[in-house]
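*Asks:* Put the two chains together into one complex, using the hints given.
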Amino acid sequence: MLEIRNLHASVTGNEILHGVDLNVKAGEVHAIMGPNGSGKSTLAGVLAGREAYEVTEGQVRYNGKDLLEMDPETRAREGLFLAFQYPVEIPGVSNTYFLKAALNAIRTHNGLEPLDAMEFLSLVKDKIKLVDMPGDLLNRSVNEGFSGGEKKRNEIFQMAVLEPKLAILDETDSGLDIDALRIVADGVNKLRSKDNATVVVTHYQRLLNYIVPDYVHVLVDGKIVKSGGKDLALLLEERGYDWVREELEVGA
Amino acid sequence: MSDNELHVLASYKSSFDRLEQSLNGEAASQLHTLRRRALTALEEKGFPTTKEEEWRFTNVAPIAAKSFVPVLHYSHEGVTRADAAKSLLSDPEAVQMVFINGHFSSELSSASIADGKVRVTNLATAFRTEFESVSRHLGKYVRHDENAFTAMNTAFVLDGAYVFVADNAQIEAPIHFLFIAAGNKSVMAAPRNLIIAGKNSKVSIIETYVGLTATPYLSNTVTEFVVGENARVEHDRLQDEHRDAFHISTVHFQQSTNSNVVSNAINLGGSIARNGITSVLAGEGIETTLNGLSLGTGTQHIDNHTTIDHAKPHCASHEIYKAVLDGKSRGVFNGKIFVRKDAQKTDAKQTNKTLLLSDEATIDTKPQLEIFADDVKCTHGATVGYLDDEQMFYLRSRGVGFEQARDILTFAFAIDVINRVHVDALRNRLEAMIHERLQEGRQLEK
Ligand SMILES: Nc1ncnc2c1ncn2[C@@H]1O[C@H](COP(=O)(O)OP(=O)(O)O)[C@@H](O)[C@H]1O
Ligand SMILES: [Mg+2]
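For the protein sequence lines, the chains are S and W, in the order given.
Heads up: the first sequence is residues 1 to 252, going by this note's numbering.
Heads up: the second sequence is residues 1001 to 1446, going by this note's numbering.
Chain W extracted, bound-state conformation (with noise of 0.2 Å):
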C-alpha cells in the first residue's frame, strides 16, 4: 500500500473512531462488532487494483486517492421539497422516502407505512422497531470482507431503506427510495438497504440515486434482498449520480424456491461507476431476470458485474445487459454463471449489446460461464457495433436529419431494457429522460 492509502484509510479509522465515541453502550452489540469487523477487513485489504481479475478494467485508484468523509449524522444540507420532487415519482400512490448523504429525512418523505402487509422504514428506526429481523439478515448475504467498498459500507452502517413485505402481502404501489448527495464536503454516503419479501408476496422497489452536489462524493451503497418462497419481486434501479461523483454499488438477491426476481439496473451518471449485482438461486423453480442499461458520455466509467448463482434444479435465469457509449467514455461488463453440480434442468440465457456512438468509446465485455451440472441450457452472447450505415441511410433518405436518425436508433436500442420496467411513473420518466441524454451527450460531443 502507497503512504497516501495508509493515509486515507487512517482517515477512515478516525471517522470510525468518532462513531464509536458516540455510541455509548451499544458498542458491545452484535451489529457493532460487524462494523469493527469490516474496519478490520478495510485496513487488511486495502482498495483493489487492477492486478486483481475481478477490478481489472476498472481502475479505483481515484477513489482510493482521496479520504471521502463517512456522514454519521442526517443533515439536510439545505436540500428543499422542490429540488427532492423533481426525482421522485409522479405517482400518488407510491410510497416515497428520501435519504440525504445516506441518512433518511424525515422532513422531505411521506410518513412511513407499518401495517399487518408492509412496513417501509430507515434502517435506523428498523434497528430499535424490527430488531430480531434485522439481524438475522443483515450482512448476511453480502459479505463484509467482499472488498473494500463492502467493507466500507458496513464499518458504517447507520442508516438506509428497510422494508418488510408480510406473507401472502401484495404491495401494488411502488416503493422508492431517493438517495440525494448533498453540500459542500467530499462525502462518503454509505446507505444500507435491506429488503424483506415474505412468502407470496408481490412488491416492487425503486432506488434512485442523484447528486446536487459538484464537489466529488462516493456513493457506496449495498442492498440486500430476501427474497420469500414463492415470492415476486421487482427492482428498478436508477444510477444517475453527478458527473464528478463517484458510485460503487453492490445488490444481492437471496431467492427461496419459486421466486421470481426482475432487476433493471439503469446508469447515466458518475465518473466512475461500478455495479455490483448478485441472485443466489437457493431453490428450485426460481425465475431471475437481470436487465441492464447504461449510457456513458464524455469519459464516464461505468462498471457492470453480475453473477447469478444457479444452486438448484429447475431454474431460469435470463440477462440482457445493454451499453451506449459516447465520447471516451467505457464500458464494462462481467457477467458470471454459476451452475453448481445440483443444479441440473438450468436454462440461463445471456446478452450483452454495446452500440458505440465514437470511435474512441470502448467496452470490456466478458462472459463467465462456470458449469459443473451435465443436462443444463446455457447460452450467451455479446455484440459491439456502430449505428447501422444502411439504417441511417434509410431514414436520412426519407428526410430525417443525420442527427435525428441517429437518436432514433440509439433510442430504439436502449429503449427494450426501459420496456421491462414494470412501474408506470418510472418508465415513463426513464423513457424521457434516455431522449434528454441522447440530444445531450451530442451536445457534450460537439
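Chain S extracted, bound-state conformation (with noise of 0.2 Å):
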C-alpha cells in the first residue's frame, strides 16, 4: 500500500529526513517510535502533504501511485488520513458542515453519490458512537475551545467517517487520560480490517498497549534505527531511546 524510499525532506533548507524507508501493506499497523524531534510529524506531514516540507531525495508510492506528485486533497480523496499531533481550530466553520463537505469531495471523487444532509446526519450519529464524543461537538466550530482530548476524539471521528485505506495518527495518544487512551484505541481497532493500513506514531509504549502493532520502527534523528515486532516497544520502554543510541554507536 504504502513503500517508501530514501526518503529525505527538509524544512527551510535544514535536512530532517536523512533517508526513510518503510514498507506498509493493506491489514498491517505499524508504530513509528522515537525521541522528542527525531521527526516523526515530519514524516506524517510529508506523507500528507503539507507544503512546508521539501522533499529533497527519494520518493513514495501509494497503491502504485507517485503520493509526492498529488495535492493534499488528492491525498486525503485516495484515502490517505492523518489524524493531526495537534488538531487546528477553526472558528466559524461547524465541524459537521466541515465533515460532510470532506466525504462528498472524497465519495464524488471515487465515482460515488454524494450524501445529502439526511444520508449524512445518519452516518454521522453512528460513527460518534465510535469515539464517545458529546454530540453537541458536532455542531460546535471545528476544535474550537475543544479540550485537547476532544480534539483527538474528533480526529479519531473524522477517521471513522471518512474511512480511510491508509490512516496515520500522530501522538493520538499524547495528552490523553487513560480512559480517553481507551476510547481512541477502541475506535481505531473498530476500524481495522484486511483492506486497510494504520500508521501510529508515538512518543510512548502505553498506546500500544492497546493498539497492538504488527511491526515496530523507531526513528532516530530522521533515519529508521531499528525495525522489529510488538516486543520491540516494551524493549524501548525498559532501556529508553539511549538504548538504541547506544546500540547504533557499538554497531558502527
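Hints listed in this document are in silico derivations from the structure and should not be mistaken for laboratory results.
Check before you lean on any hint, since a few could be wrong.
As the list claims (entries may be wrong) - Stretch-level coverage of chain S by chain W, calculated; a stretch enters the list once three of its residues show a Cβ under 8 Å from a Cβ in chain W:
#1 68 to 78
#2 97 to 111
#3 114 to 124
Stated by the list, open to error - Restraint-style ranges between C-beta atoms, simulated for each label pair:
#4 S/E144 - W/H1435: 19 to 29 Å
#5 W/T1383 - S/L115: 32 to 42 Å
#6 S/S94 - W/K1345: 34 to 44 Å
#7 S/E113 - W/S1358: 27 to 37 Å
#8 S/D116 - W/N1419: 33 to 43 Å
#9 W/A1010 - S/E144: 52 to 62 Å
#10 W/H1380 - S/D21: 17 to 27 Å
#11 W/S1358 - S/R5: 54 to 64 Å
#12 W/R1243 - S/E113: 31 to 41 Å
#13 W/D1374 - S/G37: 45 to 55 Å
As the list claims (entries may be wrong) - Here are a few chain W residues that face chain S, going by a calculated C-beta distance under 7 Å:
#14 N1004
#15 L1006
#16 A1010
#17 E1390
#18 Y1394
#19 S1397
#20 R1398
#21 G1399
#22 G1401
#23 I1408
#24 R1437
Beta carbons are placed, not taken as given, at the ideal position from N, Cα and C, and that holds for glycine.
*Replies:* Here it is, written out as C-alpha cells:
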C-alpha cells in the first residue's frame, strides 16, 4: 500500500529526514516510535502533503501511484488520513458542515453519489458512538474551545466517517488520560480491517498496549534505525531511546 | 478648483435652476431655503480631495470629474415588478417600498401604511401630510455643509423614505426600502430618508441599493434616524450597486436616553463606495452597535467611516467591521470614537478585521479614539491577515479542495457579521449572496 524509499526532507533548508525506508501493506499496523524532535511529525506531514516540507530525495508510492505528486486533497480522496498531533481550530466552521464537505469530496472523487443531509446525519450518529463524543461537539466550530482530549477524539471521529485506507495517527495518545486513550484505541481497533492499514506515531509505548502493532520502527535523528515486532516497543520502554543510540554507536 | 470641476458644479447649478423653476410658490418655503443653502455650500466647497484628512484614502476625483444628472421627477425607466422582486424580501409580512433613481414608485410598491402605530410613506408625500414632523427633523442631524455629497443630496431633496413610529408602538414586520438605479443616463440618485422612532418603540428598517444599469451613475444617499427614549432600532443596509457605479452614503442616528441601535452595513457593490455612519449618544444608558461587512473584488474601493459620539455617561458602544478583499480591491476603515468630558462610565469597544485574499488587495485602517473623560473603558483592535495556512491544510488534508477550503474559511470569517442581522428573510438572503459572491470573486481572479 505504502512504499517509502530513501526519503529525504527539509524545512527551511535544514534536512530533517535523512533517508527513510518503510513498507506498509494492507491489513497491517505499524508503530513509529522515537524521541521528541526525531522527525516523526515531519514524516507524517510529508506523507499528508504539508507544503512547508521539501522532499529533496527519494520517493513514496501509494497504491501504485506517486504520492508526492498529489496535492493534499487528492491524497485524502485517495484514502490517506492524517490524525494531527495538534488539530487546528477553525472558528466559524461547523464540524458537521466541514466533515460533510470532506466526505462528499472524497465520495465524488471515487465515483460515488454525494450524501444528502439526512444520509449524512444518520452516518454521523452512527460513527459518533465509536468515540463516545458528546453530540454537541458536532455543531460547534471545528476544534474551537475543545479540550485536548476532545480534539483527539474528533480526529478519530473524522477518521471513522471518512473511512481511510491508510491512517496515520500522529501522537494521538499524547495528553490523553487512560480512559480517553482507551476510547481512542477502541475506535481505531474497530476500524481495522484487512483492506486498510494504520501507522501509529507515538512517543510512548502505552498506546501500543491497546493498539497492538504488527511492526515497530524506531526513528532517531531522521532515520529508521531499528525495526521489529511488537516486543521492540516494550524493550524501548524498558531501556529508553539511549539504548538504541548506544547500540548504534557500538555497531558503527 | 479645476476648470472641469467648475464646469461640473455649473451643471449642478443649472439642474438646480430647473428644479427651482418647477417649484412655483414653494420656492419661498423653509425647505427650499435649506436646498439653496446646500447648493451654495456645494459651490463654495467643491469636492473633497485626498489632501483632506477625512478623504485621505478615498479619491473621489472620478466622481468630481463627471456631471451626473440629478433626477427631478419619477420615471419608471422600464423597471418591472419582476426586476424589483429579485431584490425584495421573501417575507409576506414585510412592508416594502421601491424607489427608482431616488423617487418613489407607487406602481412597484405595496400600499403605504398609515395607522395609529406607524406611518410608512415617501418623503414627497410626507412633506404634505406630515409637514410639521418633517420640518422639525429634516437636515437637523446630517449637516448640509458637511461635505459636497451631503450638500448635493440636500440641494436636491425631493423624495426618499419616510417612517414615523408612534410612542410605544412595537413594529415586528421589517420595513424595507429598495432603491433601484436604472436607465441609460448618468444620473445622480439622491434619496433622502427620514426615520422617526418614538418613545419605547421598536422597528427594523432595511435599505437596499441595487443598480440595473451599466451606465455609470451616482447614488448619493442620506438617512437620518431620530431614535426616541428607550426605543430599539435595527438598521440593515445592503449596498449592492452596479460595479461601475459610485455610492456615497451618510447615515446618522440621533439617540435619546436608554435607546438601542443596531446597525448592520453590508457592502458588496460599487466601483467607489464611501459610507459615513454616525451615532450620537445624546442621553444616558444608550447602547449602539455598528457592524459592517465589505466584500471587495476587482478594483473596487470600499470606504467605511464611522463615528460614535459618546456625549453622556453610562453608555455602551460595540463596533465590529470586517472586510474581505480580493483582486486589486482596496478597503478603508476609519473608526472615530469620541468620549466627551461628561461621558463617564463609557464602555466602548471597536474591532476591525480584514482578510486579504490576494497580494494586491490593500486596506487602510485607522482607529481614532478621542477621550476626554477619565473613568471609561475603551478598547480597539485591528487585524489584517491572509487565510491561515494551517487551517487551509487541515481542510485540504480531509479531502476538501483548495477553492472550497478557501471559500469555507472566507465565509466563516464573514458570516458572523451577517449573523447579527435579526430579520430572518434578509439574513438568509445575505448568506446566499455572500456564498455567491465568493465564488464569483474567484472566477474574476482567474
Ligand atoms: N515547520 C518547521 N519549521 C522549522 N523546523 C521544524 C518544523 N517542523 C519540524 N521542525 C524541526 O524538525 C525536527 C523534527 O521535528 P518533528 O518532526 O516535529 O519531530 P517529532 O514529531 O519526532 O517530535 C525538529 O528539530 C523540529 O524543530
Ligand atoms: Mg511530533
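*Asks:* Does each hint hold? Answer for all of them.
*Replies:* Hint check:
Beta-carbon proximity to chain W at under 8 Å applies to 6 residues in the segment 68 to 78 of chain S; the threshold of 3 is reached and the given coverage holds. For the segment 97 to 111 of chain S, the stated coverage by chain W holds: 9 residues have a C-beta nearer than 8 Å to a C-beta of that chain, and at least 3 were required. Only residues whose beta carbon comes within less than 8 Å of a beta carbon in chain W count, and the segment 114 to 124 of chain S has 0; fewer than three means the coverage is violated. Taking the beta carbon of each, S/E144 and W/H1435 are about 21 Å apart, inside 19 to 29 Å as hinted.
With their beta carbons about 37 Å apart, W/T1383 and S/L115 fall inside the hinted range of 32 to 42 Å. Between S/S94 and W/K1345 the beta carbon distance is about 38 Å. The supplied range of 34 to 44 Å therefore holds. In this structure the supplied range 27 to 37 Å holds for S/E113 paired with W/S1358, their Cβ-Cβ distance being about 35 Å. Checking the proposed 33 to 43 Å range against S/D116 and W/N1419 shows it is violated: the Cβ atoms sit about 25 Å from each other.
As the Cβ distance of W/A1010 to S/E144 is approximately 59 Å, the hint placing it in 52 to 62 Å holds. At roughly 56 Å, the beta carbons of W/H1380 and S/D21 sit outside the given window of 17 to 27 Å. Restraint check, W/S1358 to S/R5: a C-beta distance of roughly 39 Å breaks the suggested window 54 to 64 Å. Separated by about 38 Å at the C-beta atoms, W/R1243 and S/E113 satisfy the suggested range of 31 to 41 Å.
With their beta carbons about 52 Å apart, W/D1374 and S/G37 fall inside the hinted range of 45 to 55 Å. Look at W/N1004: its Cβ only gets to about 47 Å from chain S, farther than 7 Å, so that hint breaks. For W/L1006, the suggested interface contact is broken, since its CB lies about 51 Å from the closest CB of chain S, more than 7 Å. A hinted interface residue such as W/A1010 counts as satisfied when its beta carbon comes closer than 7 Å to some beta carbon of chain S; here the least separation is about 52 Å, so the hint is violated.
For W/E1390, the interface hint holds, the least distance from its beta-carbon to any beta-carbon of chain S being 5 Å, beneath 7 Å. With its C-beta approaching chain S no nearer than about 4 Å, W/Y1394 sits inside the 7 Å limit, and its interface hint holds. Taken as an interface hint, W/S1397 checks out: its beta carbon lies about 5 Å from the nearest beta carbon of chain S, inside 7 Å. For W/R1398, the interface hint holds, since its Cβ comes within 7 Å of a Cβ in chain S; the closest pair sits about 4 Å apart.
A least Cβ separation of about 4 Å between W/G1399 and chain S falls short of the 7 Å threshold, and the interface hint therefore holds. Proximity of W/G1401 to chain S holds as hinted, the smallest CB-CB distance being about 5 Å (cut-off 7 Å). Interface restraint check for W/I1408: the shortest CB-CB distance to chain S comes to about 6 Å, inside 7 Å, so the restraint holds. A least Cβ separation of about 17 Å between W/R1437 and chain S goes past the 7 Å threshold, and the interface hint is therefore violated.
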